[in-house]
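Undergrad: What follows is the residue order along each chain.
Protein chains: 2
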Amino acid sequence: MSADLQPLFEPRGVVVAGASTHPGKFGFATLHNILTCGYEGQVFATNRSATPDNPVEILGIDCLPSVRDVPQGQADLVYVCVPAPAVPDVLRDASAVGIRAAFIASAGFGEGGDEAGAAIGAELAAIAAELDLAIAGPNGQGLVSTPASLCAQFVAPWPKRGGISIVSQSGNLASGAMNHADAGGVGVARAVSAGNSLCLDVDDYLAWFGADEATQSIIAYVEGVADARRFYDVLAQTARAKPVVVVKGGSSSEGAKAAASHTGSLATDDRIFDGLLRQAGAWRARDIGAAFGAAAALGVHGHMRGPNVAVLTNAGGWGVLTADALEPSLVDLMVLPDDLHAQLDAIMPPRWSASNPVDVAGGETRETIPAALRVLAEHDQVDAVLLLGLGIQSNTASLFRAGRFANDPDIERICAFHERQDRLYAQSVVDVSAETGTPILAATELAIADPANPGPATLRANGHPCYASPSDAVDALSALYARGRFLGALR
Amino acid sequence: MSADLQPLFEPRGVVVAGASTHPGKFGFATLHNILTCGYEGQVFATNRSATPDNPVEILGIDCLPSVRDVPQGQADLVYVCVPAPAVPDVLRDASAVGIRAAFIASAGFGEGGDEAGAAIGAELAAIAAELDLAIAGPNGQGLVSTPASLCAQFVAPWPKRGGISIVSQSGNLASGAMNHADAGGVGVARAVSAGNSLCLDVDDYLAWFGADEATQSIIAYVEGVADARRFYDVLAQTARAKPVVVVKGGSSSEGAKAAASHTGSLATDDRIFDGLLRQAGAWRARDIGAAFGAAAALGVHGHMRGPNVAVLTNAGGWGVLTADALEPSLVDLMVLPDDLHAQLDAIMPPRWSASNPVDVAGGETRETIPAALRVLAEHDQVDAVLLLGLGIQSNTASLFRAGRFANDPDIERICAFHERQDRLYAQSVVDVSAETGTPILAATELAIADPANPGPATLRANGHPCYASPSDAVDALSALYARGRFLGALR
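Protein chains in written order, with this note's numbering: chain U, 5 to 495; chain L, 5 to 495.
In case anyone wonders, no lab produced these hints; they're calculated from the structure. Keep in mind that this is a model prediction, so the values were computed, not measured. Heads up, a few of these hints could be off.
Repeated chains share a single entry, so a pair holds when one copy, or any two copies, can fit it.
[Unchecked claim] Keeping only pairs whose Cα atoms sit at most 16 Å apart, straight-line, the calculated EDC-like set for lysine to aspartate or glutamate is: (1) Lys246 / Glu115; (2) Lys29 / Asp273; (3) Lys164 / Asp186; (4) Lys261 / Asp273; (5) Lys261 / Glu331; (6) Lys261 / Asp336; (7) Lys246 / Glu217; (8) Lys261 / Asp274; (9) Lys29 / Glu416; (10) Lys29 / Asp343; (11) Lys29 / Asp414; (12) Lys261 / Glu119; (13) Lys164 / Asp118.
All chains, please: the whole structure from these sequences, using the hints.
TA: So, in structure tokens, the structure goes:
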């Protein structure tokens with residue numbers, strides 16, 4: 005039975021228990037972030053110094069002395085910053101006023117090895133069961149829920165809205181994954197720093213994300229699991245519903261020691277864990293950046309129906325390196341079927357490569373790239389298209405615009421033309437992949453070297469990723485193929 | 005004997021032969037880029053329509069009818085955009101007025117397989133020898149030389165000045181490597197798109213870069229070499245003087261086919277090529293982004309004196325993933341020696357990890373990170389330090405600054421504090437590595453996710469790289485260790 009996390013991620017109202025007047029404290033920063041990121045429910049804050057004679061106002065909120073003073077039924081979630089020994093009473097008070105979920109940011113529940121803290125930690129699970137409270141944390145950074153415009157965390161960022169949901173046993177890596185969203189083009193639905201997981205564990209979040217309409221793909225950062233059997237079962241069930249990308253921290257012996265120090269996780273045999281992930285249908289990524297790249301492609305494009313990749317490029321060297329990156333991967337640089345070759349021959353410049361990578365070799369007209377994208381994506385043997393060289397024309401325009409002749413009408417005209425072409429190419433990626441159902445990815449170092457370039461910027465504005473290297477793009481294609489294979493959805 | 009490329013990269017004056025009035029043509033864009041990127045020598049342009057009765061002015065330059073009309077001894081370099089059949093005469097005219105180097109952008113010298121073009125191509129080598137001309141290209145994009153403020157290419161970018169020099173058999177990958185410079189923090193000295201290399205070949209550029217004072221490290225993109233023996237000899241000699249990072253295009257069978265289509269390179273056995281690179285002392289990178297990361301570390305830090313890496317982090321999960329990334333690498337997550345452990349214990353917060361990764365676990369004061377960087381870098385058994393978590397505080401500040409309370413003096417004060425701390429950490433990386441000679445690298449996804457973040461931005465402003473993932477940073481550390489080993493400079 006999976007926990008009901010609706011009050012955690014879609015609360016009617018939120019209470020910050022232990023709000024602080026000092027902007028360097030968790031209880032200030034979290035209240036600030038809830039108030040400024042667009043949350044539309046009621047927001048309450050408590051501060052134990054607040055009395056009728058000594059009102060405490062923080063960021064325009066009149067603090068209540070206690071969670072007991074929150075009007076009955078007005079809030080679903082309490083974000084707890086008070087010291088550990090005070091937490092049980094806060095939770096009981098919260099339940100008494102109708103609150104159904106808690107995020108505990110406070111530390112001191114035995115994670116440092118102290119017995120008194122561990123005793124309070126043990127009490128949390130009992131309270132959760134007794135009061136039917138969904139308790140996240142303790143010792144976590146918070147949670148984000150963009151469909152609810154809720155930024156209930158003491159750290160950044162507040163990511164753009166999108167379909168990726170994140171659960172992480174490292175708060176910083178939850179932030180890290182979200183940091184990729186704005187630059188990476190694909191936004192976040194839910195994210196939670198699981199903290200010490202004394203009540204809700206990674207599998208509880210996975211199960212809920214699996215059924216969550218706002219979630220299109222999932223990233224999980226895991227250092228250790230308390231119950232491997234349950235983790236496997238939930239992961240396998242979740243992966244049937246949504247693509248799941250897992251980063252395992254502590255996969256090496258030195259990493260496992262670091263994980264023991266970080267989250268107290270026990271070392272696991274990495275081969276066994278790897279097999280578990282594979283059998284459950286999850287995709288494994290080496291780090292958070294790679295996980296983001298895979299989750300972005302999976303969320304936007306779903307899966308590939310076979311291993312056949314067509315590469316379209318106006319940059320010969322990139323084509324060569326991409327062919328090299330494809331060889332050891334799960335997917336293939338397909339041989340162009342005769343009919344596809346003939347179709348391309350009709351629209352490509354005379355000196356095109358006449359093979360895959362389909363290299364226009366600098367001879368393109370303004371319609372060549374969009375037309376070729378369409379011919380490739382519409383062919384029934386092409387399972388994905390990878391577009392290289394996006395943004396090169398705008399990069400040239402950018403140098404023109406920086407020069408002292410930028411106001412010359414001829415230069416303005418050529419710049420506008422170059423930029424229009426890159427926007428057209430990017431828009432074609434978006435439109436043709438949507439119309440044909442064939443995944444189309446794009447890759448260029450300009451995605452990170454010049455994020456303002458109209459090529460990658462147009463993809464980003466449409467919620468599409470743009471990969472920075474051939475190997476990053478090929479990793480994402482491999483994830484799409486593995487997903488199609490797992491779903492039994494191959495041609 | 006190595007070719008004298010001084011007139012190519014440090015010309016007294018430049019002629020664009022075949023300048024165009026149309027801003028979409030090579031002969032316009034190159035003239036524009038030379039004129040607007042700061043070149044201080046004289047600039048001439050030729051256009052065959054120019055006559056005394058019909059003057060042609062392009063971007064303020066009065067075009068000459070022919071290179072013959074350039075005043076004797078006023079220019080060292082001619083950038084050639086005229087059609088292939090006209091090129092031999094341009095070169096003879098250039099030599100007659102004292103020009104000593106040519107970059108030929110024009111194509112049509114047999115690279116498409118036509119015999120007439122190939123005949124002209126064969127003539128180029130004879131002309132080069134006869135006239136003692138250094139001839140680059142043909143069919144290349146151009147060259148960049150930041151010490152001469154010379155941007156003699158028809159494409160972008162004009163990179164920031166720095167110590168990386170680039171030779172590439174793909175023009176687009178020369179641009180790609182340069183595109184990394186501004187975002188990557190480390191600038192470019194020289195870059196050349198080698199084109200078809202009918203006269204000057206990759207090894208000629210390598211040899212010259214090896215003796216060039218402006219060059220601190222070298223990136224070479226190679227699809228094929230005409231003379232493997234000579235390539236090896238020059239590479240080995242160059243690598244003794246300067247670190248060389250090589251990207252081999254066509255390392256796979258599919259990639260080799262793509263390379264044959266792109267530059268006509270013959271397939272080589274990749275294991276043999278790999279052995280050749282290793283024996284010559286070059287570092288091999290899988291793609292241009294990885295090559296840039298390695299060349300940046302090598303140029304700034306030189307080499308490591310042993311395999312011992314100390315990781316300093318305020319982000320536990322990043323520490324775990326970095327430990328995982330170190331395990332299969334050339335370098336080691338060192339065990340902290342007792343004296344170093346004791347030194348750290350004296351300055352670290354009580355709950356620090358007490359092992360490597362050195363995790364401050366959120367308990368740092370404003371001086372902890374700089375002090376720990378210094379203690380680590382000064383220890384004689386620490387060969388390199390990797391700082392994680394840079395920019396987290398400024399990321400929090402960035403969310404405060406975006407909110408509606410940004411003008412609150414308390415919020416302004418905490419934002420300034422957070423940002424000052426990240427600047428301090430970054431400046432410590434720069435200063436302590438310079439003072440101790442111990443390489444210190446930094447890694448955070450914010451390097452690409454939020455380039456304006458004061459942490460990575462301060463590194464960049466000081467000409468230091470900032471890596472975006474644990475594996476990127478570990479690749480760079482491995483390159484530094486391999487360099488120390490090759491130089492026989494290990495402890």
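Undergrad: Find the hints from earlier in the document that the structure breaks and name them by number, from lowest to highest.
TA: Per hint list: 1, 2, 10, 12 and 13 violated.
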